[in-house]
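S.K.: The primary structure of each chain is shown beneath.
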Amino acid sequence: MAEFLANYLPAWLAYMVAGAIHVGLIINLVAVGALVFIWLERKISGRIQDRLGPTRVGGKFGWLQTLADGLKLLTKEDLVPGGADKMLFRIAPYVSFCASIAAFLAIPFAGGDYPFIVQHVNTGVFFVLAVLGLEVFGVILAGYASASKWSLFGAMREAAQVVSYEVPLGLCAVVPVMLAGSLDLVVIGDVQQGWFTNWLIFHDPATFLIFWVYFTCATASVNRAPFDLAEAESELVAGFHTEYSGLRWSFFFMAEYGSMFSVSLLASILFLGGWNGPLPITEWLGLTAANGDIAWYIGQVLGVINVIGKAVAGVCVMMWIRWTLPRLRIDQVMATCLKYCTPLAAAFFLGAVAWQWSLPGRTFFGLLESPAELQSVSEGWSDATAAATDEDEPEASEDQTVSSEPSRKVAAAKLTGAAALQIASTNLQGGK
Amino acid sequence: MGDGIYWPTFFFLLFSALACGFALAVVFSRNVVRMAFYLVMSLASTAGLFFLAGEDFVGAMQLMIYVGGTLVLLIFGVMLTSQKQFVEMKTPAGQWIVGLVTGCALVALLWMAAFETPQWQPISRAEAEAVAVQPTATPIGVALTNGRVDQLDQPDETLRGGMSSYLLPFEIVSVHLLVVLIGAAYLARAKRRSPSAAAPG
Amino acid sequence: MDSSWLPTLLALAWLTPLASFVFILFFGKHAGPHGRFAGTVATGAIVFSCVLSFVAMFGAWLPNNELPEAHHGDHAAGGDHDEHAEDGEHADEADHETFIRPAASPFLLASSGGDRGTISLVADTAEGEGDSAEHHIAPNGKPPAVYGVFYNLVTFGKLKLDISYYIDALTVTMFCVVTLIASCVHFYAIGYMHDELHEPYTDHEVTLTDGTHLVRKGRFYRFFQYLSLFCFSMLGIVIAGNLAMAFVFWELVGICSYFLIGFYIERHSASTAANKAFIVNRVGDFGMLIGMMALWSSLGTFAFGDTQNDQGEVTEPGMFSVLRTEENHYALAPTESMEVEGARVVGEGEEGESSHAGQWLLLIAGVGVFCGCVGKSAQFPLHVWLPDAMEGPTPVSALVHSATMVAAGVYLTGRVYPIFTPEALLVIAVIGCITLFVAATIAITALDIKRVLAYSTVSQLGYMMLALGIGGWSAGIFHLITHACFKGLLFMCSGSVIHAVHTNDMSYMGGLRKKMPITAYTMLVGCLAIIGAGIPTSMYGLSGYYSKDAIIEQAWSFAGANRGNPLLSILLIAPVIGAAITAFYMFRLWYMTFAGEPRDHHRYDHAHESPRVMTMPLVVLAVCAIAIGWSVPGTNLSITSLLEQAQPVGTTPGAEGVLAENLVVPAEQLSHVKAVKIPAGWAAFSAAAFGVLLATIIYLWRMLNPAEIRDSFKPLYAFLWNKWYFDELYDLIFVKPTHWISGLIAKFDRGIIDGIIHGTAATAKAAASIVSNVGDRTLVDGTVNAFANRTWDFGLMLRRLQTGSLRTYVLAIAMGTWITYMLVSFIMVARGTG
Amino acid sequence: MHHFMLANLLTEPVGVAHYMAVGAVLFVCGVLCMALKRNALGVLMGIELVLNGANLNFIAFGSRFLRGEGQGLGLDGPLMALFVIVLAAAEAAVALAIVLNFYNNYDSVDIDRADQLQG
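Chains as they are written, first to last, in the working numbering: chain A, 1 to 432; chain B, 1001 to 1201; chain C, 2001 to 2834; chain D, 3001 to 3119.
Incorrect hints may have been included.
Keeping only pairs whose Cα atoms sit at most 20 Å apart, straight-line, the calculated DMTMM-like set for lysine to aspartate or glutamate is [claimed, not checked]: (1) B/K1090 - D/D3115; (2) B/K1090 - D/D3107; (3) C/K2160 - C/E2316; (4) B/K1090 - D/D3076.
Here are some chain A residues pointing at chain B (derived, C-beta under 10 Å) [said to hold, decoys possible]: (5) Y8; (6) W12; (7) N122; (8) L129.
It should be emphasised that the hints constitute simulated quantities derived from the structure, not laboratory data. Built from N, CA and C at the ideal position, the CB exists for glycine as well.
Make the full structure from the sequences, and use the hints.
M.R.: This is the structure we're talking about:
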């Protein structure tokens, strides 16, 4: 976008305008998303508990209820406890909120050669996970700075929980990375083009199973019930945000819903095909770059709808779980992570590797041929295998060093195989 | 474009100012929790510098591991120093003066060394803009397991074999980590009093 | 089993005692209570060796080496002469013509000569007894022998030191005899040394300064350890294939005898006897070394046999082949190198004509080697150690004096026989003659039962040497073998007696025949054997009869051959008189011990027959002493035929002296003719009978009182009682002057040299005390202490730097880094490099 | 000093030297933390800062943006930085264990009380 704007504006201004537009969009997304999700949660919890939920404000569905709440929170007094560490107390909500929002910087909403993304980070998965991990920081600071034992307990629980759940979460996220041969979320999303059979969740049994492990860990890492130990209202009043009120309090909530949304987005990109629908409708309709910019744009927007829809579905599932399952004890939470999720994630990771090794180039539980993008990764795998077992040097792949050709992701995907191939053959020929 | 603001430099200044400022805040803060907070900020800014230098992977790694590690530090700080008398431990003023003088001297020395070396001067703007963005995770991953993609066109044949990979250091570091984890758990484990020491009855 | 097995079998028989020795060395002390099983191990080892030796003899040697069909060294053959007297000369000649050398065997060194197989001996048997110039006996070739190298120890240029073997009939026979006697001795020793199993053992013959007897631990196992080593060493000499190896084992035998004679090391007499034996042997060995040097420097080899390659060609000829070449009809002739070397040593033959330098060198070599044999076989003048060696336990005496140590000397003389010139042989004969007479006379007066036997041994060894010296090779070796049996028997009997009465002195014995009959009668057999009892001129007799008569016959033949030199007839007279004396003192011994009335009733009452483990060997050896000289009925297998087969190369025809021109050493065959045999046989018989009769008159019938005889020949008795004053003579000649010179030197040492040294020391001490007080204590110590104190103070100062505070250290590191950088850059700027 | 490189900032790229300057500040701040903080945790934070300063240098040397294509350390820079990060984590674990033990023994995290090794 900055490049586009630079045609009409001075460079510095173009960058600033582009940045402002992006940030505005993201904040809107998170803030509006939070509003929607709070409303949604109220409605869903109401339905689950056999009641209506909010109905008064904003018509029949009460869809303005959250907005009204927001206005109420804005007007509330900003209280700081007397014994608190005032600076940290004030900063803490922003830390959480910034971390939550920053994760959206690297999340693409539509793929292709010109993906819809704020900043294309080629280690996207990693970046998102790392930044999401920062959110806990604000929680802990809040818990400490509040000078309240409820808050401190909540913060401690949060810290222990999040640090532990980072491990299986990372392990789960590595599986799609391994299959796509890239840490780039755009690449990961694009390799799942075509029918829903190409979604990585359906790639093999291990990925199918590890998706559920991922979802569990994601739920835990964003402090959603049944893992909401940090704010367990029956034990700790309200946990880390006991002493907060007004806008600061609402920042925490926006961060939480933002995080929910981002992990769900991540799940949809990593496992559920991202912006690719269950059926290749955009191709059928010809909404590709080949048919002009307008068609391409419509296709991309369809993709955005797709990915957001999947993420919302994921959020809804989280809500469903929250209102269905009772809260775990803290030791049960830790046991779930350390005794079950981590070993399961490791085992499924190994399973996925073994499956890919034995059936390269196959998808949908090995029943179908992989799409072209996945195929190239598989070629890398099989080339490496061949180089390791066979001394015959296949055709030299020097031209495949990274170049500026448009399909960079393919090149990147192939890089693993090419480099491995060349180096392996070098080593095999006596380490010249 | 042209001779306008070169944005990477702008962000470099921003992030380095943040990193240095928070680092100084760490030095001058007396509260251990605040120190930890400033430290995280400083480290995060450093991660930003890493991103600017084109090393996305290391930057993300920095965020992830340091945040995790510092988080634990923070928890310890809170737990161990929650009693008031330990929160603030004053250092004598004389030591402060000596330390600051030494620190300034050292900084001056290091800056001098850095800026006086011709090889470390900046390249021209055109040259910098010509550098292509490359993925960083894959080469590092390959280098850790298989070989060096950045050395594929190494002209010296004899050197190519030696540039095979960082697999062995990687393994050593892995084992080292495991050992450290076990050792730390052993060191920090709760000491149970032996039953014989318990009061009779 | 073909003869390629011989080296293996004999090497095994040879090494088994070594294994036993090593085992006992390491584990003997703990083998059973007080090391009891050490005896079992050692005995088992030697019995195994014995079995192997007999297997080698009957399984490997005899089937591959045909014995001569008939021969002349045997009294059975002599009997044949009588029986076939009617057939006259024809039979005799036929007898000679059928003397066939052993058949060729591909494995034998001596297999190459084609003519040797059919050599017939043509002897002038009619009147040829005295006329040596007329005999036409063809020389014999190399005896069948196996030579080879087990292991090359080291090679210094031409000098090769090998562990090699030279196996002929003599070797195999000696193996059998040595191991057989040694087996008997081992069994016997198990019984005899039983006291040593008592823990602690009280040695009643050693009195400590506080009046008590020595109490020590039993050394049963150690005794058998030495015995095993002894057997190993002796067998090593026998199997040795070169002179150097023989010398090594020669010395090993010496050291073993030292250990065994000094077994009761706490007894003064035993330790001095051991020292004496060792030192006297060294004297002889010195001569032997000279002989070896002479041989090696001139011949360049020590090997007895020829080294062959795979094709059977001789690559390196041995000592014997070099000296007695086939072209020379196996006559002894010095080589050219020997002439050259001899000229260098003797200093003769510069002109080149009529040079006898080689002969002189050969004489030196022969006499030198014989010197070693003199020492080992206790010949005059080195015989003095042997009677003292009686201090060792009796089984040791039996072993040393019968089959091993003293036999080694005779064996070696016999082994290197081909290198002896007639002059050297004359030396041997004279030495032997003196020895046999001197020792026999001393034995008359001895009262110690073992000493009598010891002098008898010396005397008999003199007989052997005499026989070898006068050309009776098979007679001498034959006597060695028969003597081994009956002397072993006699010693063991005496040991049995001593075991019973706990004394060596015959004047405390008497009448023991009733108490210990087995000992008495086996000893009687031994006595009869040693005096050569037999029916004269017949083929019936005990073993000694054959061997001793053969010696006397040869002496007779020798005297006849050298009629021109009447002095040499002493070599005939002395053995005949010696035979009479032998008979006298042997029966004196027997009568004093076993016959008559007991002289000491206390000892007599306690006397008892020895246990079976001691008497069984006696019986076995008694059987041997009777029958060892017989040939196996129905075959021609006998010791003599074996020895005939091993007759050294070129020695059958006799020889004439070169340096002493009228010296003739007659062929041995010539002594078997009737003209020599009959008078010699009768002379020997009558001498022996006279001796026995005299002993019987004096000691059995008591017709003459020994004390009266003693008084009437008092000077002679004293002379004999003091052993011809040999020890005193040596004391006067060697010991006294040595002491006198040593005393002088000691005085010089104490008076002058010590004075100088003490003076120097005192001066140095005075100077040192000055240096010590002034220089050392004040200056040096002061400086050092000052340094130490400053270091200490500096350390205290530095101590303050170590605050133990982490933060200070960090600060110091930072400052240090900065200062270092500054210093370095300052220096670089100052140098103009920065 | 050839020319002061802050002169044309904002229009020209930065070089390795600038990164090293920042790294130097971080490093010295870490050293000062170690030297001046009596709280053991403060010392640990100082160590983290020191390591981070070093890491910054590694990254700078390895970066293609700062020294041009094929000029820097290449992959060695980020790899070293990674190893440093990992080892720093390990070091933090052990150091925290030590601090915990220290706290158990002294009821304090004041490292000035750990001076038994003084001379």
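S.K.: Are the hints correct? Go through all of them and say.
M.R.: For each hint, the structure was consulted:
{"no.": "1", "hint": "B/K1090 - D/D3115", "in the structure": "holds, 17 Å"}
{"no.": "2", "hint": "B/K1090 - D/D3107", "in the structure": "holds, 17 Å"}
{"no.": "3", "hint": "C/K2160 - C/E2316", "in the structure": "holds, 12 Å"}
{"no.": "4", "hint": "B/K1090 - D/D3076", "in the structure": "violated, 42 Å"}
{"no.": "5", "hint": "Y8", "in the structure": "violated, 13 Å"}
{"no.": "6", "hint": "W12", "in the structure": "holds, 5 Å"}
{"no.": "7", "hint": "N122", "in the structure": "holds, 4 Å"}
{"no.": "8", "hint": "L129", "in the structure": "holds, 7 Å"}
In terms of the numbered hints stated before, the structure departs from hints 4 and 5, listed from lowest to highest.
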